[in-house]
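Novice: Build out the structure end to end from the sequences listed, making use of the hints.
Protein chains: 10
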Amino acid sequence: MSEPRQLLETFPNQFPHRDYKIEIRQPEFTSLCPKTGQPDFATITISYTPDKVCVELKSLKFYLQSYRERGIFYEHVTNTILDDLVMTCQPRWMKVEASFNARGGITEIVTAVHSANY
Amino acid sequence: MSEPRQLLETFPNQFPHRDYKIEIRQPEFTSLCPKTGQPDFATITISYTPDKVCVELKSLKFYLQSYRERGIFYEHVTNTILDDLVMTCQPRWMKVEASFNARGGITEIVTAVHSANY
Amino acid sequence: MSEPRQLLETFPNQFPHRDYKIEIRQPEFTSLCPKTGQPDFATITISYTPDKVCVELKSLKFYLQSYRERGIFYEHVTNTILDDLVMTCQPRWMKVEASFNARGGITEIVTAVHSANY
Amino acid sequence: MSEPRQLLETFPNQFPHRDYKIEIRQPEFTSLCPKTGQPDFATITISYTPDKVCVELKSLKFYLQSYRERGIFYEHVTNTILDDLVMTCQPRWMKVEASFNARGGITEIVTAVHSANY
Amino acid sequence: MSEPRQLLETFPNQFPHRDYKIEIRQPEFTSLCPKTGQPDFATITISYTPDKVCVELKSLKFYLQSYRERGIFYEHVTNTILDDLVMTCQPRWMKVEASFNARGGITEIVTAVHSANY
Amino acid sequence: MSEPRQLLETFPNQFPHRDYKIEIRQPEFTSLCPKTGQPDFATITISYTPDKVCVELKSLKFYLQSYRERGIFYEHVTNTILDDLVMTCQPRWMKVEASFNARGGITEIVTAVHSANY
Amino acid sequence: MSEPRQLLETFPNQFPHRDYKIEIRQPEFTSLCPKTGQPDFATITISYTPDKVCVELKSLKFYLQSYRERGIFYEHVTNTILDDLVMTCQPRWMKVEASFNARGGITEIVTAVHSANY
Amino acid sequence: MSEPRQLLETFPNQFPHRDYKIEIRQPEFTSLCPKTGQPDFATITISYTPDKVCVELKSLKFYLQSYRERGIFYEHVTNTILDDLVMTCQPRWMKVEASFNARGGITEIVTAVHSANY
Amino acid sequence: MSEPRQLLETFPNQFPHRDYKIEIRQPEFTSLCPKTGQPDFATITISYTPDKVCVELKSLKFYLQSYRERGIFYEHVTNTILDDLVMTCQPRWMKVEASFNARGGITEIVTAVHSANY
Amino acid sequence: MSEPRQLLETFPNQFPHRDYKIEIRQPEFTSLCPKTGQPDFATITISYTPDKVCVELKSLKFYLQSYRERGIFYEHVTNTILDDLVMTCQPRWMKVEASFNARGGITEIVTAVHSANY
Numbered sequence: 164m165s166e167p168r169q170l171l172e173t174f175p176n177q178f179p180h181r182d183y184k185i186e187i188r189q190p191e192f193t194s195l196c197p198k199t200g201q202p203d204f205a206t207i208t209i210s211y212t213p214d215k216v217c218v219e220l221k222s223l224k225f226y227l228q229s230y231r232e233r234g235i236f237y238e239h240v241t242n243t244i245l246d247d248l249v250m251t252c253q254p255r256w257m258k259v260e261a262s263f264n265a266r267g268g269i270t271e272i273v274t275a276v277h278s279a280n281y
Numbered sequence: 164m165s166e167p168r169q170l171l172e173t174f175p176n177q178f179p180h181r182d183y184k185i186e187i188r189q190p191e192f193t194s195l196c197p198k199t200g201q202p203d204f205a206t207i208t209i210s211y212t213p214d215k216v217c218v219e220l221k222s223l224k225f226y227l228q229s230y231r232e233r234g235i236f237y238e239h240v241t242n243t244i245l246d247d248l249v250m251t252c253q254p255r256w257m258k259v260e261a262s263f264n265a266r267g268g269i270t271e272i273v274t275a276v277h278s279a280n281y
Numbered sequence: 164m165s166e167p168r169q170l171l172e173t174f175p176n177q178f179p180h181r182d183y184k185i186e187i188r189q190p191e192f193t194s195l196c197p198k199t200g201q202p203d204f205a206t207i208t209i210s211y212t213p214d215k216v217c218v219e220l221k222s223l224k225f226y227l228q229s230y231r232e233r234g235i236f237y238e239h240v241t242n243t244i245l246d247d248l249v250m251t252c253q254p255r256w257m258k259v260e261a262s263f264n265a266r267g268g269i270t271e272i273v274t275a276v277h278s279a280n281y
Numbered sequence: 164m165s166e167p168r169q170l171l172e173t174f175p176n177q178f179p180h181r182d183y184k185i186e187i188r189q190p191e192f193t194s195l196c197p198k199t200g201q202p203d204f205a206t207i208t209i210s211y212t213p214d215k216v217c218v219e220l221k222s223l224k225f226y227l228q229s230y231r232e233r234g235i236f237y238e239h240v241t242n243t244i245l246d247d248l249v250m251t252c253q254p255r256w257m258k259v260e261a262s263f264n265a266r267g268g269i270t271e272i273v274t275a276v277h278s279a280n281y
Numbered sequence: 164m165s166e167p168r169q170l171l172e173t174f175p176n177q178f179p180h181r182d183y184k185i186e187i188r189q190p191e192f193t194s195l196c197p198k199t200g201q202p203d204f205a206t207i208t209i210s211y212t213p214d215k216v217c218v219e220l221k222s223l224k225f226y227l228q229s230y231r232e233r234g235i236f237y238e239h240v241t242n243t244i245l246d247d248l249v250m251t252c253q254p255r256w257m258k259v260e261a262s263f264n265a266r267g268g269i270t271e272i273v274t275a276v277h278s279a280n281y
Numbered sequence: 164m165s166e167p168r169q170l171l172e173t174f175p176n177q178f179p180h181r182d183y184k185i186e187i188r189q190p191e192f193t194s195l196c197p198k199t200g201q202p203d204f205a206t207i208t209i210s211y212t213p214d215k216v217c218v219e220l221k222s223l224k225f226y227l228q229s230y231r232e233r234g235i236f237y238e239h240v241t242n243t244i245l246d247d248l249v250m251t252c253q254p255r256w257m258k259v260e261a262s263f264n265a266r267g268g269i270t271e272i273v274t275a276v277h278s279a280n281y
Numbered sequence: 164m165s166e167p168r169q170l171l172e173t174f175p176n177q178f179p180h181r182d183y184k185i186e187i188r189q190p191e192f193t194s195l196c197p198k199t200g201q202p203d204f205a206t207i208t209i210s211y212t213p214d215k216v217c218v219e220l221k222s223l224k225f226y227l228q229s230y231r232e233r234g235i236f237y238e239h240v241t242n243t244i245l246d247d248l249v250m251t252c253q254p255r256w257m258k259v260e261a262s263f264n265a266r267g268g269i270t271e272i273v274t275a276v277h278s279a280n281y
Numbered sequence: 164m165s166e167p168r169q170l171l172e173t174f175p176n177q178f179p180h181r182d183y184k185i186e187i188r189q190p191e192f193t194s195l196c197p198k199t200g201q202p203d204f205a206t207i208t209i210s211y212t213p214d215k216v217c218v219e220l221k222s223l224k225f226y227l228q229s230y231r232e233r234g235i236f237y238e239h240v241t242n243t244i245l246d247d248l249v250m251t252c253q254p255r256w257m258k259v260e261a262s263f264n265a266r267g268g269i270t271e272i273v274t275a276v277h278s279a280n281y
Numbered sequence: 164m165s166e167p168r169q170l171l172e173t174f175p176n177q178f179p180h181r182d183y184k185i186e187i188r189q190p191e192f193t194s195l196c197p198k199t200g201q202p203d204f205a206t207i208t209i210s211y212t213p214d215k216v217c218v219e220l221k222s223l224k225f226y227l228q229s230y231r232e233r234g235i236f237y238e239h240v241t242n243t244i245l246d247d248l249v250m251t252c253q254p255r256w257m258k259v260e261a262s263f264n265a266r267g268g269i270t271e272i273v274t275a276v277h278s279a280n281y
Numbered sequence: 164m165s166e167p168r169q170l171l172e173t174f175p176n177q178f179p180h181r182d183y184k185i186e187i188r189q190p191e192f193t194s195l196c197p198k199t200g201q202p203d204f205a206t207i208t209i210s211y212t213p214d215k216v217c218v219e220l221k222s223l224k225f226y227l228q229s230y231r232e233r234g235i236f237y238e239h240v241t242n243t244i245l246d247d248l249v250m251t252c253q254p255r256w257m258k259v260e261a262s263f264n265a266r267g268g269i270t271e272i273v274t275a276v277h278s279a280n281y
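Chains as they are written, first to last, in this note's numbering: chain C, 164 to 281; chain A, 164 to 281; chain B, 164 to 281; chain G, 164 to 281; chain S, 164 to 281; chain H, 164 to 281; chain L, 164 to 281; chain D, 164 to 281; chain E, 164 to 281; chain F, 164 to 281.
Please keep in mind that the hints were generated in silico from the structure rather than gathered at the bench. Possibly wrong hints are sitting among the right ones.
[Unchecked claim] Derived DEER-like restraints, expressed as beta-carbon distance ranges:
#, chain 1, residue 1, chain 2, residue 2, range
1, L, Q253, C, T270, 52 to 58 Å
2, L, F225, B, P197, 16 to 22 Å
3, A, E232, G, P175, 54 to 60 Å
4, L, F225, G, P197, 48 to 54 Å
5, S, P167, G, E166, 38 to 44 Å
6, D, Q253, F, E232, 20 to 26 Å
7, L, F225, A, G234, 42 to 48 Å
8, B, F225, L, T206, 51 to 57 Å
9, G, R181, H, E219, 45 to 51 Å
10, B, K198, D, R181, 55 to 61 Å
11, F, R231, A, H180, 48 to 54 Å
Built from N, CA and C at the ideal position, the CB exists for glycine as well.
Specialist: Structure, rendered in structure tokens:
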């Protein structure tokens with residue numbers, strides 16, 4: 164298997180008896196526009212309440228870097244990161260926000276949430 | 164037909180099973196004051212949860228540019244953009260905010276929302 | 164009649180079927196302290212949901228300028244502007260906030276709301 | 164009697180039929196640490212909804228200056244100002260926040276509220 | 164006994180009849196990464212409503228300094244500080260937030276809350 | 164004659180015995196890209212020391228608005244404004260700076276100065 | 164005599180052996196536009212090195228307030244304040260800067276200096 | 164030929180009789196660390212006074228994107244961009260500044276200037 | 164002897180072979196207005212190049228606190244601090260800046276320098 | 164040998180024909196107060212023009228971390244870092260600035276420069 168999701172690693176949550184929140188911010192995300200091939204830049208913010216495992220930060224860095232040469236739309240970036248992380252660490256709750264730099268003077272922020280019990 | 168609304172294009176929402184939010188910000192909106200003919204300037208912020216389709220960004224840019232030579236009041240700008248976008252992409256929820264630069268020392272922000280389930 | 168309230172003019176709300184919000188900010192308000200005669204300075208922020216009519220901006224500018232030579236306390240400024248605007252345009256909801264510059268090192272902000280259905 | 168609370172004066176609330184909010188900010192509060200005698204500095208923010216009377220600003224300035232030579236802990240400052248003001252003007256609701264400058268690299272903000280109907 | 168928690172001291176809460184909030188901010192927290200031994204830096208923010216006792220600030224400073232040479236993960240820092248403080252001063256409610264400086268371009272904020280009645 | 168420069172008006176400098184500086188900032192400049200026809204946006208800052216006449220502000224506003232439908236490159240905007248203003252009011256010294264909004268993620272600021280005695 | 168300049172008072176400079184700088188900032192200046200009668204607002208900044216006398220701050224406040232009902236252009240405001248202050252306190256060096264709020268979207272700052280030995 | 168420098172294009176400077184300054188800012192520069200292969204991010208600022216030609220912005224964008232997959236040190240980035248631009252457009256003066264995002268908590272800015280007459 | 168200057172202590176400069184600069188900022192200075200008895204607040208910034216001795220920070224803190232109950236004008240504060248520090252540590256160069264909080268809406272900054280070789 | 168200076172490594176300057184500037188900023192410096200043993204925190208900024216060699220960033224990080232457990236005064240930190248770096252890489256010019264966090268409400272910045280040709 165070679166999918167980027169496989170880059171993600173986890174470690175056991177040592178405080179599963181408590182609902183606490185982890186917020187991770189990566190301001191150096193870059194991918195490619197699937198239409199023009201031009202680079203896109205975004206700040207990715209991931210918030211979640213871990214259940215059995217937490218996502219390991221270094222593996223997350225490599226996972227996000229795997230988008231560097233992928234042609235992918237804004238909405239796909241956000242929903243795919245959410246899907247991959249949910250599948251990997253099964254959080255009690257998770258939100259992914261991707262805030263893309265302006266193109267043609269227009270900025271777009273896409274936000275997706277997993278689970279209703281927020 | 165030649166109405167500005169026809170400039171708007173859409174593409175299929177690939178994640179219709181999930182309620183997610185798209186926020187688009189265009190800080191370079193300009194129209195004309197219908198009384199004086201003088202230019203007005205605003206930042207337009209559009210937030211929505213897509214249903215079957217998403218609004219295509221480049222077509223949105225051209226749509227917003229179509230106001231450049233129109234004489235139109237602040238309240239009309241906001242409600243017309245909302246009406247045009249709602250009719251075009253039938254979102255589950257949508258909000259349009261137009262924040263106009265000061266005229267005579269006075270700033271005005273007009274905000275309109277479509278749908279009650281916010 | 165010569166009261167300042169008569170300076171206020173309105174125009175018909177073209178979108179009465181929708182509850183939308185108008186926020187107006189005037190950072191150049193000035194009146195006089197009724198005790199000392201010294202000038203006071205404030206930023207006035209008016210938010211409202213129009214019903215049948217909207218307040219006309221130029222007439223609002225002249226109305227707010229009518230306070231320039233009036234001796235009036237902070238609380239009166241806020242409540243009087245709210246009363247005058249409510250009487251003039253009968254909004255579904257309205258809030259007036261007056262944020263006064265420091266005097267004796269102390270800043271005061273007075274906020275009053277009309278209608279309970281906010 | 165010579166207690167600082169006696170420095171506080173009030174004036175009749177002219178708009179008792181309406182629940183409105185007054186927020187007062189004094190960024191130049193100073194008292195003494197009761198342990199070391201060293202000066203403490205804070206920003207005091209008082210918010211309230213007046214009932215029959217409002218607190219007079221100049222008397223409030225003198226009241227807050229009366230702490231200049233008092234040795235008093237952070238928590239006492241906040242709760243005592245709230246108690247004195249509540250006793251003096253019997254507000255419908257009141258909040259006092261004291262935000263103290265860093266000592267030993269540590270900042271403390273103490274917030275106390277009077278009345279449950281907030 | 165020699166555990167860091169023993170460094171924490173308390174003093175009686177003089178206003179137990181009132182639910183008030185104390186927020187403490189320490190922007191100079193530093194610990195070590197347990198994997199690499201490299202220093203980590205964070206801002207720790209502790210908010211709580213005291214019950215019978217308040218945490219003494221100087222002892223808190225020494226307690227937080229005790230992490231200077233400890234190898235400990237982000238999530239442990241946050242939950243351990245919360246556990247130690249809850250055990251020491253039994254607050255009605257407490258929140259601990261640790262906002263760590265970027266490593267590999269990625270920032271992490273961990274937030275944990277004690278008690279449900281917030 | 165119909166050139167935009169003819170829109171500029173002047174008034175006599177009442178303080179010619181003194182070298183003083185006037186700085187004018189217009190953050191709402193817009194023109195068109197001569198290649199694509201797309202709108203450009205800039206902040207224009209004009210600084211000068213008047214000699215016999217000063218530039219009249221309202222006429223300057225109309226002059227700058229005359230670029231709204233012109234296709235013109237960044238460097239031409241800056242140098243043409245400088246040339247037109249120098250020819251109109253013969254200042255002792257003048258600087259024009261045009262700071263254009265990002266296009267393709269790239270921002271450009273063009274600055275030109277008239278006269279060597281700066 | 165009734166000219167505003169007569170409002171200015173001075174006190175002896177106790178440190179004439181040293182060239183030191185005093186900078187005074189008044190962000191609440193207001194005058195009237197001589198064409199339209201509309202209020203103008205500015206921040207006035209006065210810097211100077213005193214010689215025999217310093218300008219008294221309270222008298223300066225009243226002097227600047229005397230412009231409240233005067234119709235006067237931006238350039239006159241700046242040069243007249245400089246002339247009045249130079250005549251009153253004969254400083255070794257003085258600079259007056261008047262930064263006016265935007266009108267028609269355009270901001271103007273006028274700066275004038277007395278004496279060449281800066 | 165296939166060197167990145169060949170991507171750069173120029174257009175004739177229409178105002179060669181005047182020394183004016185062009186400042187270009189690209190906040191989305193990214194290259195790779197030659198040691199680790201990890202991505203680096205920087206803001207590149209190029210200032211110059213054109214002589215016979217100006218650098219064309221779109222070609223500059225592609226030139227800067229050519230570093231996306233190159234392993235190159237901070238100092239080389241800065242000096243190579245300067246060398247390539249000087250060779251291409253022979254400016255009267257040019258400065259290149261590369262401000263790199265923090266790595267290991269450390270930020271580096273490299274600045275190089277061409278020509279002595281700065 | 165009991166003058167405040169005697170509170171100042173020094174320690175030997177270990178790097179007298181090098182001209183280096185020390186800048187000290189105390190944002191919590193407070194004194195009294197000699198006319199009204201009202202408290203004044205300022206930020207004091209002291210910059211100097213030490214010669215044989217440096218000023219000891221803790222003693223400087225106590226020295227600046229000695230102004231807490233003194234009635235003294237802005238210009239005296241600045242020049243007296245400079246005189247006391249110069250006499251105590253004989254620096255190669257020293258600057259004192261006192262930036263006072265607004266009174267009557269007016270802010271004053273006084274700056275004095277010792278020695279001409281700046 | 165075991166001195167911290169030995170931690171510093173260099174690499175050859177590939178652009179010795181050009182005077183360019185490298186500015187390095189480390190906001191996570193920490194040492195100990197030699198009197199109290201309490202931790203100090205500073206931002207270290209190093210600027211230099213390399214001659215034959217540049218300082219290697221990773222070794223600089225370890226060098227700066229070597230102060231973590233050293234008791235050392237502010238002035239020594241700055242001058243010692245400058246001495247160590249000058250001895251190691253013999254720059255054409257170098258400046259070190261250490262900006263320490265407030266202690267007792269007082270902030271200190273120490274700046275030292277090597278070489279006279281600045």
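Novice: Run every hint past the structure and note whether it holds.
Specialist: These are the hints, each one checked on the structure:
| no. | hint | in the structure |
| --- | --- | --- |
| 1 | L:Q253 with C:T270: 52 to 58 Å | holds (55 Å) |
| 2 | L:F225 with B:P197: 16 to 22 Å | holds (18 Å) |
| 3 | A:E232 with G:P175: 54 to 60 Å | holds (56 Å) |
| 4 | L:F225 with G:P197: 48 to 54 Å | violated (43 Å) |
| 5 | S:P167 with G:E166: 38 to 44 Å | holds (43 Å) |
| 6 | D:Q253 with F:E232: 20 to 26 Å | violated (54 Å) |
| 7 | L:F225 with A:G234: 42 to 48 Å | holds (47 Å) |
| 8 | B:F225 with L:T206: 51 to 57 Å | violated (24 Å) |
| 9 | G:R181 with H:E219: 45 to 51 Å | holds (48 Å) |
| 10 | B:K198 with D:R181: 55 to 61 Å | holds (59 Å) |
| 11 | F:R231 with A:H180: 48 to 54 Å | holds (51 Å) |
The earlier numbered hints that this structure contradicts are 4, 6 and 8.
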